[in-house]
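*Asks:* If you want the building blocks of each chain, they are given just below.
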Amino acid sequence: MTNNPDKHIKTIGIPTEEEIRQAQIDFAPRCTSAGRVNDKETQKIVQYILNFARKHSLFVLAYGTGCGAIEIPATMTSRYDAERFGIRGAATPRQADVLLITGYLSTKTLKRVIRVYEQMQDPKYVMAFGSCTINGGMYFDSYNTIKALDRYLPVDVYIAGCMPRPESVIRGFIKLQELIQNGNAGGGKCYRDNLDWYRANQQKVIKNWNFPDEYNW
Amino acid sequence: MQENILNQLNKVFKIKGQVKSPLRIKVVADKDIVSSILLYLKAQMGFIHLNHISCVDWIEDNKFELVYIVWHPEQKQTVLVHTFIDRENPVMENIDTIWDQANTYEREMREMFGIEFPGLVGDREFILEDWQEMPPMRRDFDTKRYAQETYETRPGRENARNVRLEIMKRSGEELPDFAKKYSRD
Amino acid sequence: MIEKETTLYLGPQHPGITGNMMIKLKVKGDVVTQAETHVGYLHRAFEKLIERRNWLQSFTLLCRFCVPEPDPMELTYARAVEQIEGREVPPRAKYIRTIVAELARIQSFLLWYGGQSGSSGLYTLGQWSVGDRNYILDLFEDLTGARIYHMYMWPGGVRRDLPTGWIDKTYKTMDYLEKRLEDYNKLLFENAIFQKRAQGVGIIPKDKAIEWGVVGPPLRGTGIKHDVRIDEPYEAYADLDFEVPTYEGGDVWARALVRRDEIKQSIRIIRQALDKMPSGSYYNRIPNPMKWTVPTGEAWIKTESVRGEIGFYVVSDGSSKPRRVHLKGAAYTHGVSVLEKILPGQNIADVSFILNSLGVCPPEIER
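Chains as they are written, first to last, in our numbering: chain A, 1 to 217; chain B, 218 to 402; chain C, 403 to 769.
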C-alpha cells in the first residue's frame with residue numbers, strides 16, 4: 001500500500017481500459033466453458049426449462065364463445081379435474097395463455113375474439129373445439145358463422161366432435177403440451193409475420209372495425 | 218268457456234274466430250284492429266300475459282302472417298290472433314305500449330323480416346351487425362349462396378355425396394369394406 | 403353517492419356472464435342506474451336453416467337451441483309435429499320421455515348450483531354439483547349414446563328402448579343424489595354469506611310478474627303457482643303425483659329455494675315413472691324421412707323447461723320441410739326486458755348473481 005492519493009482516486013474513479021478488460025474476465029458467468037450465455041447448448045437447456053414451465057401452467061381464458069363451453073365446467077371439476085395438468089381459468093386476456101374457441105363463431109363474435117387474441121401476451125395458443133370450427137359442420141350454409149377458423153386466426157390444436165367429450169378435451173390439451181415441449185406451438189409470431197394475409201381475410205367478413213366509443217381505449 | 222270468449226270478442230270486433238282445441242282459440246282479424254283487440258283482451262278480459270309474437274313469410278301470396286299469442290293466467294286459455302300484412306311495404310302498428318316485452322319481438326322482426334313499426338325505440342341492430350343484404354329471414358334470401366360467396370371454405374364439402382371419397386383421397390388410405398357398405402356412392 | 407355516470411360493458415368476455423352476451427351498464431359509483439342487453443353473439447340462423455332441412459333433420463339443429471337443456475326443445479318440437487300430424491304416441495314412450503325430461507331438469511339445476519354459488523365466490527359447491535352431474539350424463543350416455551345432445555325423442559315416440567339394467571342404475575343414481583342434496587343444502591343454503599348476498603336482491607314484484615312475461619322458477623319465486631306440467635299436462639305428467647313449490651319474496655333467495663325443492667320433486671317424478679313403466683312398443687314408425695310430408699297446419703306447444711315455459715310455433719305448408727319453426731324461450735323475456743327492469747338500483751357485484759338466478763341463456767334469445 002502506498003500513500004499516493006492520485007492512484008487511489010484513479011482506482012475508485014474512472015477505470016482504465018485494462019481494468020475493464022480484467023473485470024470482464026473476472027466477473028464473467030462461470031456456468032459455461034466459453035464464458036458466454038448465448039451459445040447453442042445453453043439456449044437449448046434454457047428453452048427446455050421454459051417450455052417445461054409453460055406447458056404445466058396453461059391458463060385458459062374464460063370466454064365461452066359457443067356451445068362447446070358446456071363441457072368446460074365438467075372438464076374443470078372433480079371427475080375430470082383438468083387442474084392436475086396445470087390447466088385452470090384466467091379472467092382477463094392479458095393473463096391468459098390459451099384461447100379456447102368453443103365452437104362456431106358468428107361474425108359479431110369473431111370481431112371480439114380477434115381483439116381478445118391481440119390483447120393476449122406471447123406465447124399464446126389457440127385451441128378450436130368441434131367440427132364447426134374445422135369446416136363449418138352443421139352450419140355449412142349459415143349466413144352468420146365462419147367456416148374455417150384457421151383462415152382468421154392461427155390454430156394450434158383442433159378437437160373433432162360435436163361436442164367433444166371432456167376426455168377428448170384433455171387429450172387436446174396433452175397434444176398442445178407436447179407441441180409446446182417441442183417448441184412447435186404458439187402462433188403469435190406467425191400471426192405477426194403474416195398479419196396482412198390474416199387481416200385481409202378478416203376484413204372480407206368484418207365490414208366495420210370500429211367498436212363503441214367507450215370501448216376504444 | 219271458449220264460446221263465451223269468442224262471443225264477447227265478436228260483439229265488439231269484426232273477427233273470424235275458431236276453437237282449435239280445448240285450450241286454444243284462433244282469431245283472424247284485419248291488421249288495423251289487431252292492437253285494439255290485444256288491448257281489449259288485456260284490459261277487459263284478463264289475458265295479461267303476452268306469450269309470443271311470430272311472423273311467417275307467405276311469399277306465394279305476397280303476405281306476411283303475424284301471430285300474437287296471449288294467455289289467461291286463471292282460465293289457462295290461449296288466444297292466437299292472426300293477421301296478414303302486405304309483403305312489399307310491410308308496416309305494422311307498434312304494441313310495446315301495451316306490453317313492454319313486445320319491444321324485443323318487434324326489434325327482431327324489424328331486423329329479420331324488414332317489417333317497420335312506426336314509433337319503435339331501440340337500436341336498429343339487435344342481433345346482426347353491419348348487415349348490408351336483404352333481411353335474412355325472408356324466404357327469397359338464399360343463405361347457402363351467401364355463405365359460399367362470403368366465407369372461406371375448406372375443400373371437400375362441395376357435395377355431400379362424396380365425403381368419404383374425399384377423406385380417402387386426402388388421407389391416401391383405402392376405405393375399409395365395412396365403411397364402403399354404408400357409403401352413399 | 404358519486405354523481406358522475408360511467409358506462410361499463412359487462413361482457414361478452416367476462417367470467418361472470420352466463421354464456422356469450424353483453425350488458426351495457428350505466429353506473430354511478432357501484433350502483434347500476436341503467437342496463438341494456440346486447441345479444442347476437444351466438445346467432446346461427448337456426449330458424450332459417452330449419453327451413454332448408456326436412457322434418458327429421460331439424461332435430462340436429464333444434465337441440466342446440468339452448469345448450470344446458472337440449473331435451474325440452476326436442477320434446478316440444480316432437481309434440482308440435484305430432485299434433486299437426488295427429489300421430490299417436492305409445493304409453494311407454496310417454497313415460498320414457500317424462501323420465502328424460504326430468505333427468506334433464508336435474509342436470510341443469512346441478513349446473514345452476516355451480517353457477518349460482520360460483521358467482522358469490524363459493525367454489526366448493528360447484529366442484530361437487532357439476533361433478534355429480536356427470537352421473538346423470540352417464541345415464542344419458544347409456545340411453546342415447548351422447549352426453550349433451552341426444553336427439554332421442556322423435557315424432558311418434560323415442561329412438562330406442564331402455565337398455566338392460568338402466569332402470570336399476572337410475573334408481574341407484576336417484577338414491578345417491580338425494581343424499582347429496584343434503585350436503586348441498588348445508589353448503590349453500592345454511593351459508594351466512596349466501597343468505598346475506600341473496601336475500602332482498604333482484605326483486606321481481608308479484609303484481610307485475612305475469613304482465614312482464616316472467617315464467618318458471620322466477621315466477622314461482624314470487625308466490626304465483628304456474629306450471630305447464632299442471633296447467634296443460636303433457637306426456638305422463640297427468641298420471642304422476644308431484645307438487646309445485648312456491649315461495650314468497652321474488653328475490654334471488656326465493657328463486658334458489660324453488661330450484662332446491664324442484665330437484666326433490668323431479669326425483670320423486672322419476673321414481674314414480676320408473677315404478678309405473680308400462681310395457682309395449684316405444685315408437686310408432688314414421689315413413690321414410692326423406693319422403694315424409696306433414697299435412698298443412700300450425701301448432702303452438704308449450705313445455706315446462708328448466709328456465710320456465712318454452713313454446714314452439716310450428717307451421718307446415720304440406721311439404722317435406724317445415725315452413726316456420728319459431729322458439730319462444732324463457733330467456734327471451736328474462737334476459738332482455740325483465741333484466742333491464744330489475745337491474746337499476748343493484749350493485750355491480752350482484753349483476754352476474756342475478757343473471758344466474760334468472761337463468762339467462764343467450765343462445766335461446768338470438769337462436
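Mixed in with the good hints there might be a few duds.
[As the list claims (entries may be wrong)] Ranges between beta-carbon positions, derived for each pair: (1) M351/B to E645/C: 47 to 55 Å; (2) Q436/C to A260/B: 26 to 34 Å; (3) K248/B to A200/A: 27 to 35 Å; (4) V338/B to K406/C: 22 to 30 Å; (5) M351/B to Q436/C: 31 to 39 Å; (6) F230/B to T698/C: 22 to 30 Å; (7) E333/B to G625/C: 53 to 61 Å; (8) G699/C to A91/A: 47 to 55 Å; (9) K743/C to A91/A: 25 to 33 Å.
No wet-lab data here; the hints were simulated from the structure. Beta carbons are placed, not taken as given, at the ideal position from N, Cα and C, and that holds for glycine.
*Asks:* Could you run down the list of hints and mark each one as holding or not?
*Replies:* Quick rundown of the hints versus the structure:
no., hint, result
1, M351/B to E645/C: 47 to 55 Å, "holds, 51 Å"
2, Q436/C to A260/B: 26 to 34 Å, "holds, 29 Å"
3, K248/B to A200/A: 27 to 35 Å, "violated, 47 Å"
4, V338/B to K406/C: 22 to 30 Å, "holds, 26 Å"
5, M351/B to Q436/C: 31 to 39 Å, "holds, 33 Å"
6, F230/B to T698/C: 22 to 30 Å, "holds, 26 Å"
7, E333/B to G625/C: 53 to 61 Å, "violated, 40 Å"
8, G699/C to A91/A: 47 to 55 Å, "holds, 50 Å"
9, K743/C to A91/A: 25 to 33 Å, "holds, 28 Å"
Checked against the numbered hints above, the structure breaks hints 3, 7 and satisfies the rest.
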